[in-house]
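Enquirer: Spelled out, the chains give:
2 protein chains.
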Amino acid sequence: MKTVILGTGEVCRLLAPAFLSLGHEVVVGTRDPEATLAGNHPYRLLAARHPELRLVSFADAVAAADRSGLVVNAISGPACLEALAPLADGLAGHVVMDVSSPYDWSRPDVVLDPVNTDSLGEAIQRALLGAFVVKTFNTLAAQVMPRPDAVGPDHTVFLSGDDEAAKARVAELLRALGWRDVLDLGGIVTARATEMMLRMWIDTSRALGTHLFGFKIVR
Amino acid sequence: MKTVILGTGEVCRLLAPAFLSLGHEVVVGTRDPEATLAGNHPYRLLAARHPELRLVSFADAVAAADRSGLVVNAISGPACLEALAPLADGLAGHVVMDVSSPYDWSRPDVVLDPVNTDSLGEAIQRALLGAFVVKTFNTLAAQVMPRPDAVGPDHTVFLSGDDEAAKARVAELLRALGWRDVLDLGGIVTARATEMMLRMWIDTSRALGTHLFGFKIVR
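Residue numbers (the numbering used here), protein chains in the order written: chain A, 16 to 234; chain B, 16 to 234.
None of these hints come from the bench; they were simulated from the model.
It cannot be assumed that every hint is accurate.
Some chain B residues flagged as far from chain A (calculated, every beta-carbon gap over 12 Å) [stated by the list, open to error]:
(1) Arg46
(2) Asp47
(3) Ala62
(4) Pro93
(5) Ala107
(6) Gly108
(7) Ser121
(8) Arg141
(9) Asp178
(10) Glu210
(11) Met215
Label pairs and their calculated CB-CB ranges [unchecked claim]:
(12) A:Ser83 / B:Glu187: 34 to 40 Å
(13) B:Leu223 / A:Ser83: 30 to 36 Å
(14) A:Asp164 / B:Ala74: 52 to 58 Å
(15) A:Ser83 / B:Leu96: 52 to 58 Å
(16) B:Leu96 / A:Arg162: 33 to 39 Å
(17) B:Ala63 / A:Val126: 47 to 53 Å
(18) A:Leu37 / B:Asp196: 29 to 35 Å
(19) B:Leu223 / A:Thr225: 25 to 31 Å
All C-beta atoms in this analysis are idealised placements derived from N, C-alpha and C, irrespective of residue type, glycine included.
Excised from the complex, chain A in its bound form:
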C-alpha cells in the first residue's frame, strides 16, 4: 500500500514509522523539502532513521499518490485549508484521512474555529470536492495514534466521513495499527463532535498531567 503524508510535524513523525513497519511505501509532502531538511527541523532525525522515506513537495506527493492507497492530512489545523486548496484536482478520487484540529496550538486560550455549526473536516471536504475525506485520530495525542496500547487495553477511535468505502479502508488501517474499537459516527458532519472534544482533550491532559490517555465509549 502506498501512503502519502502531507505535513512533517509530530503526527507525520509518529505515523510514518508505523506505516513503514506495516510495509507501506510512504511519501511525505511538505511546503519546501530543502528547508525541511536544513537546520534543526526534527524531521531530519526521522529521515536519518528511515532513508526509505521520500520527502517531496506537496504537489509532487499528491502526484505520487495511489487511489488504492491513502493520503493523510497531517498539516496543522489553521494552515491546512490554504495548503490543501491548490491540491484539490490532484486529490480527486483519493481517500484523504484527516487528523487535523481546528485550533492554533500556539494560542494560550483555547478557541476552536470552526466550531459548533461547521468543522474543519467538513471545510476540507468542501475544499476537496472530488476526494473522500475521513476524519479520524483527532481525539488523540500523536503518540497514541499508532500505538493504542500506549494508554490502556481498550479505548475508542472515531470515524466520520460521507463515503463508506473510504471509511472501510481507513478502518482497516486502524485495525492493522492495533485499534480494536473503531466507532463509525456517520457522515463528515460528525467531525463536529470529535473536533469539539478537543477542549475535553486539553482539559483532561491538564488535569492528568499527561497526553497518554484515550476516550472509551463504554456500552
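With the hints as your guide, set chain B onto chain A.
Expert: Relative to chain A, chain B alone:
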C-alpha cells in the same frame, strides 16, 4: 442530608428516587406546583410513588435548602438562566450541582449556545455569584446519572467548579451513587469541555442507537 432539586423533568424524576434511597430529605422546586400536579405531567407518577417528596415553588424550594446539603439545577438548559436569576440571593452560600446542557432538545439541528468561549456552567456561576456551582453529570443520559452500572463496570464522571469544598461534597454524593471514576477537570471554565462533548454524546447515541453509554478516560 437535605437535597433540593430545581426542575421536574427527566433528570429530577431519575435523581429524586436515587437521593431518597440514600436517605436524603428531598424537596423539588417547580414554576407552578399546581400545574405540575395537574393533567398528565409525568411528575405525578413520581409523586404517587414517593409521597415523602415535597413539591413547592422554586422560591420555596430554595428557602427550604440547607447550606450543608445540595441544590441541583435540573431545569432544562435554555430556560434555566431566567429561572435561576431571581433565586440568586437565596442560593448564596449553597452548593449548586448543575447538570444542564446548552441545547434546546426540541431543535432538530444541534447548535450549542453558549459554546467555545463561554459555557452555561460559567453563565450560571456569574448569575449566582454567591453560590458554589459544580458542573457534573452533563455528559450522561439521565438514566445513567444515578446508575453508572447501567452501561458498564467503569466509566468517568467529570467535575468542574471553582470551589474545592463544593466539588468534594458533590464527589462524595457521586461515590455514594456508585461512581468510581470521578475526574476533577478544574475550575468552572472547564464546563466548556463537558458541555462541548454534548455533540459527541448526540452523535454517539445516534450511531449506537441507545442512550445507555458513558465516556471513560482510559489512562
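Enquirer: Confirm or reject each hint.
Expert: Hints, one by one, checked against the model:
no. : hint                            : result
1   : Arg46                           : holds (30 Å)
2   : Asp47                           : holds (34 Å)
3   : Ala62                           : holds (33 Å)
4   : Pro93                           : holds (15 Å)
5   : Ala107                          : holds (28 Å)
6   : Gly108                          : holds (27 Å)
7   : Ser121                          : holds (18 Å)
8   : Arg141                          : holds (18 Å)
9   : Asp178                          : holds (17 Å)
10  : Glu210                          : violated (9 Å)
11  : Met215                          : violated (4 Å)
12  : A:Ser83 / B:Glu187: 34 to 40 Å  : violated (57 Å)
13  : B:Leu223 / A:Ser83: 30 to 36 Å  : holds (31 Å)
14  : A:Asp164 / B:Ala74: 52 to 58 Å  : holds (55 Å)
15  : A:Ser83 / B:Leu96: 52 to 58 Å   : holds (54 Å)
16  : B:Leu96 / A:Arg162: 33 to 39 Å  : violated (44 Å)
17  : B:Ala63 / A:Val126: 47 to 53 Å  : holds (49 Å)
18  : A:Leu37 / B:Asp196: 29 to 35 Å  : holds (34 Å)
19  : B:Leu223 / A:Thr225: 25 to 31 Å : holds (28 Å)
Of the numbered hints stated above, those contradicted by the structure are hints 10, 11, 12 and 16, listed in ascending order.
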